[in-house]
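K.L.:
Protein chains in written order, with my numbering: chain A, 28 to 336; chain B, 15 to 443.
Hints in this document: simulated from the structure, not taken from any laboratory.
Here the structure is a predicted model, which is why all the values come from computation and not from measurement.
A few of these clues could be false.
Here are some chain A residues the structure puts well away from chain B; computed CB gaps all over 12 Å [unchecked claim]:
no.: 1; residue: Thr83
no.: 2; residue: Phe103
no.: 3; residue: Arg267
no.: 4; residue: Gln307
no.: 5; residue: Leu327
Pairs of lysine-lysine, DSS-like flavour, derived with a Cα cap of 27 Å [what the hints assert, rightly or not]:
no.: 6; chain 1: A; residue 1: Lys117; chain 2: B; residue 2: Lys410
no.: 7; chain 1: A; residue 1: Lys222; chain 2: B; residue 2: Lys308
no.: 8; chain 1: B; residue 1: Lys308; chain 2: A; residue 2: Lys226
no.: 9; chain 1: A; residue 1: Lys146; chain 2: B; residue 2: Lys410
no.: 10; chain 1: A; residue 1: Lys117; chain 2: B; residue 2: Lys334
no.: 11; chain 1: A; residue 1: Lys146; chain 2: B; residue 2: Lys334
no.: 12; chain 1: A; residue 1: Lys222; chain 2: B; residue 2: Lys256
From the three backbone atoms N, C-alpha and C, an ideal C-beta is built for every residue, glycine too.
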Amino acid sequence: MIKEKHLLGLEGYPAENIETIIETAFGFREVLERPIKKVPSLQGKTIVNLFYEDSTRTRISFELAQKRLSADTVNFSASSSSVKKGESFKDTVQNIEAMKIDAIVMRHPYPGAPLHLTKFVDAVVINAGDGTHEHPTQAILDIMSLKEHFGKIKGLKIGIIGDILHSRVALSNIHGLTSLGAEVTLCGPATLIPKDIEKLGVNVSYNIDEVMDWADAINVLRIQMERMGVGLFPSTREYRSLFGITHERLERHDKKLVIMHPGPMNRGVEIDSNVADSSQAIILDQVLNGVASRMAILYLLLGGKQEAV
Amino acid sequence: MKINKLNKNVLLKNGTVYDPVKQKIINGNVLITNGKINGVGDIKAPGGAEIIDCSGLIVTHGFCDIHAHFREPGREDKETLQTGAKAALAGGFTRVCVMPNTNPPLDDPESIRFIVEKSDETPIYIHPIGAITKGQQGKEIAEMGAMKTEGAVAFSDDGIPLQNAYVMRLALEYAGMINVPIINHAEDVLLRNEGVMNESVISTKLGLSGNPDIAESAMVQRDLQIAQSTNSTLHIPHVSTKKSVEAIKKYKSVFQKVTAEVTPHHLYFNDEALITYNTNLKVAPPIRTEDDRKALITALSDGTVDCIATDHAPHTIEEKEAPFDLAPFGMIGLESCFGAVNKILVKENGMKIESLIDLLTIKPRKIMEFEQDLFADGTPVEITIIDPKVSWTFTKDDINSRSINSPYIGEELFGKIIYTIVKGSVVKI
Numbered sequence: 028m029i030k031e032k033h034l035l036g037l038e039g040y041p042a043e044n045i046e047t048i049i050e051t052a053f054g055f056r057e058v059l060e061r062p063i064k065k066v067p068s069l070q071g072k073t074i075v076n077l078f079y080e081d082s083t084r085t086r087i088s089f090e091l092a093q094k095r096l097s098a099d100t101v102n103f104s105a106s107s108s109s110v111k112k113g114e115s116f117k118d119t120v121q122n123i124e125a126m127k128i129d130a131i132v133m134r135h136p137y138p139g140a141p142l143h144l145t146k147f148v149d150a151v152v153i154n155a156g157d158g159t160h161e162h163p164t165q166a167i168l169d170i171m172s173l174k175e176h177f178g179k180i181k182g183l184k185i186g187i188i189g190d191i192l193h194s195r196v197a198l199s200n201i202h203g204l205t206s207l208g209a210e211v212t213l214c215g216p217a218t219l220i221p222k223d224i225e226k227l228g229v230n231v232s233y234n235i236d237e238v239m240d241w242a243d244a245i246n247v248l249r250i251q252m253e254r255m256g257v258g259l260f261p262s263t264r265e266y267r268s269l270f271g272i273t274h275e276r277l278e279r280h281d282k283k284l285v286i287m288h289p290g291p292m293n294r295g296v297e298i299d300s301n302v303a304d305s306s307q308a309i310i311l312d313q314v315l316n317g318v319a320s321r322m323a324i325l326y327l328l329l330g331g332k333q334e335a336v
Numbered sequence: 015m016k017i018n019k020l021n022k023n024v025l026l027k028n029g030t031v032y033d034p035v036k037q038k039i040i041n042g043n044v045l046i047t048n049g050k051i052n053g054v055g056d057i058k059a060p061g062g063a064e065i066i067d068c069s070g071l072i073v074t075h076g077f078c079d080i081h082a083h084f085r086e087p088g089r090e091d092k093e094t095l096q097t098g099a100k101a102a103l104a105g106g107f108t109r110v111c112v113m114p115n116t117n118p119p120l121d122d123p124e125s126i127r128f129i130v131e132k133s134d135e136t137p138i139y140i141h142p143i144g145a146i147t148k149g150q151q152g153k154e155i156a157e158m159g160a161m162k163t164e165g166a167v168a169f170s171d172d173g174i175p176l177q178n179a180y181v182m183r184l185a186l187e188y189a190g191m192i193n194v195p196i197i198n199h200a201e202d203v204l205l206r207n208e209g210v211m212n213e214s215v216i217s218t219k220l221g222l223s224g225n226p227d228i229a230e231s232a233m234v235q236r237d238l239q240i241a242q243s244t245n246s247t248l249h250i251p252h253v254s255t256k257k258s259v260e261a262i263k264k265y266k267s268v269f270q271k272v273t274a275e276v277t278p279h280h281l282y283f284n285d286e287a288l289i290t291y292n293t294n295l296k297v298a299p300p301i302r303t304e305d306d307r308k309a310l311i312t313a314l315s316d317g318t319v320d321c322i323a324t325d326h327a328p329h330t331i332e333e334k335e336a337p338f339d340l341a342p343f344g345m346i347g348l349e350s351c352f353g354a355v356n357k358i359l360v361k362e363n364g365m366k367i368e369s370l371i372d373l374l375t376i377k378p379r380k381i382m383e384f385e386q387d388l389f390a391d392g393t394p395v396e397i398t399i400i401d402p403k404v405s406w407t408f409t410k411d412d413i414n415s416r417s418i419n420s421p422y423i424g425e426e427l428f429g430k431i432i433y434t435i436v437k438g439s440v441v442k443i
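Chain A extracted, bound-state conformation (with noise of 0.2 Å):
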C-alpha cells in the first residue's frame, strides 16, 4: 500500500501515503477505545527505538504503539550507551542490526541523520525528530487531528506560530499540510523565520491578530530555549506580549479558532494556561492521535496483515 520504504521526512512525501496513514489511524484509534486495546498486528516483528537525544512523550507515544501491535521492542538511548564510549554512529547502527531487527525508530540531534542511517542499515527507518529537519510523524498526528475536527484538510487555514527556524514539526507540518491542499501562514519574530521560507509554498506574516483572524486552526510552537542562541528575541515578557497566544487576545476573537500545540509548552509564554487548557484546544487529542498514527505508520511500513487489525 505504501511503495516508500522509510519515513524520513514529510518533504517530497507522496500525499497518498499521508491519507493512507491517517485513515488507518482511525482505524487504531477505535482500537485504542477497546478495553483490551492489543491486536497481534506485528507479532515477530522487532522495532529499536534508537535515542540520541532526550524525549518523552514521542517515545513513550512510539512504545506505546508498539506494544499495542504486539512488536517486540529495545529502547537505547545515547545516555546509556556506546556513543560515550567513542563508538562511532555507523559502527553502533550496524552492530544493532547485526541482532536482525525490522525497524529502527530514530531521534537525533542532527539534521540528516536518519537518510545518513538508511544508508548503513536495511531495516526500515522512521525519523523520530532530525535536530532542525524533520519530525514526519509529529505532523501526520497533526493533521489527522485537524481531519479529526474539520473532516478535511484541503482549503483549511492554518497558522503557524513561534520559532519556526528551530522547529522541525514547523517543517514537516508545512510539507504535509501544503501537499494536502492547506494554505499555511507562519507567523513570530523575524528572528525566528528561516531563509526563503515563503518558496516552499507558505505566507509569513508578524502581525499574530490577523493571523488569528485569518485561520482556522493554529499550531502553537514550545519557545525551544536550548536551542537559543544569545538575543534571537528580546525577552519571554516581549515574545507573549507580541506572540502569545493569551486569553485577552483570544477573546478578542468571536470565531472558535482550534489551538494546537504539539508539546512540551511554556505556559505563560507562548500560550496562557486557560487557553491550553480550553474547550478550544485539542492538544491532548493530538496525543492519542500521536499513538493511533504511529501504529498506522508501524503497520503499514513494516507490512503487518490488513485482518489482523
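For this one, chain A is given, so just place chain B on it according to the hints.
P.N.:
Okay, now just chain B, sitting in the frame of chain A:
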C-alpha cells in the same frame, strides 16, 4: 602511480603546443634534454631520443595550484607531502602551494624550512604558505620576514578568518613591506555564526544552519579597503559569491594589487546538490546558489577573478561519515580539477581552452611570482599533456590522495590529463 625518469633526450612529438606566455599555439614538438627545455617548434629528435607521441593532445605548461592542504606535519593519516604530490601529478599540477593549517601550524621559519626540505624529496615543486599570526590565533603577527627568507611565498591563517580588522591592517602593512601577498579566508565569523552550508531555501529545507553570502562579501569589502589604504598586495581565496565578485570588480578598477581565485567546486556545483546531505560537499566557504555559480564563471571570463585553485582538503572517511553538522569542511580536488573546470568553462560555457589553461598556469604563477616562461630554453621541465575532448567518469581509482572525500566520484568529466612531466620525470596518468 609509476614515476619514470626521463631519458637524456625526450621529444614530445606532434602535439598542439600551447605557450601561455606567448599566448600562441605552435603545431610542433618539444625537446627535453637532461630534464630541461631544449627547443619548442619544428625540432627533430636527436639520435636515441625517447619519443612521446602527442597527436591529438595539448602540450602546455605544468599546472600550478596556489591553494592546497597536504596535512603534514600532524595529520599524515589524511595526506603527506608525498601522497599530495602524487595527487597533484595525477591532476597535471607540477607546482603547489600548501597552506599552514598543519599541526603545529607553519608559523615560524623552522616549520617553513621543514616543508621546503621535505618537499625536495617529492616529485613536484611544493611551496609553503606561512601563517599570518602566531599559532593562527589572529592576535599577533608571525615572523613573516624570516619565513619569507626560508621560502614562504605568501601568508594566510587559512581556514581561520582574520576577524580582527586591526591585526589585518598590521599584517597587510608588514607583508607589504616585504612584498608578499596576504591571503585571508574572508568570512565574517559572527555573520557566519553556526552556518554549515549556504543560507537559502535549501538550508531551510534541510534544517541546517545557513551561512549567508554577506558573511563573505562583507569581509571581502573590508579587506579590499584595508589593502588599498595600506597599498599592500591582497589575494582573495576561494571567492564564492556574486556579491564578492562585484566588490572585487569595483576595487580592481582603482587598485591593482588585488587578485582572487575560485575553486573548481564553486564552479561545478550549486547548493541544490546538498539536498542529500552529502558531507563531501561540505566546504568552507559553502557551495552557493546557481546565481552565484554563474557570476563566478563570468568573473573568470572577464578577469575579475584571476585564477583557479583547488583548495584540495583531504579528510578521513570516518570524519566524513559523521552527520553533516559534525563532518569537517573540505574536499579533495587536485585529480578532478581539469576534467571539472574544462567541462564547466569550455564545454558548457564556451571559454577558449587556451584561456582555461592560462587560469591554471601563468595566472597563478604570476600571483606567487614564480617563473612563468616555462618554454624558454634551459628551463627545468614543467609540462602537462592534456586530452581536451575525452569524456570519462571519475572514480575512486583516479584518486592518488590518501583521502577519498570527493563529490566528483561517479561524475562524468570532460578532458583528462595524459602525462605530467616535472623534475626530470614523466608520469603517464
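K.L.:
Each hint should be assessed against the structure and marked as holding or not.
P.N.:
Evaluation of the provided hints:
{"no.": "1", "hint": "Thr83", "in the structure": "holds (22 Å)"}
{"no.": "2", "hint": "Phe103", "in the structure": "holds (17 Å)"}
{"no.": "3", "hint": "Arg267", "in the structure": "holds (26 Å)"}
{"no.": "4", "hint": "Gln307", "in the structure": "holds (30 Å)"}
{"no.": "5", "hint": "Leu327", "in the structure": "holds (25 Å)"}
{"no.": "6", "hint": "A:Lys117 with B:Lys410", "in the structure": "holds (21 Å)"}
{"no.": "7", "hint": "A:Lys222 with B:Lys308", "in the structure": "holds (21 Å)"}
{"no.": "8", "hint": "B:Lys308 with A:Lys226", "in the structure": "holds (21 Å)"}
{"no.": "9", "hint": "A:Lys146 with B:Lys410", "in the structure": "holds (19 Å)"}
{"no.": "10", "hint": "A:Lys117 with B:Lys334", "in the structure": "holds (11 Å)"}
{"no.": "11", "hint": "A:Lys146 with B:Lys334", "in the structure": "holds (13 Å)"}
{"no.": "12", "hint": "A:Lys222 with B:Lys256", "in the structure": "holds (18 Å)"}
Checked against the numbered hints given earlier, this structure breaks none of them.
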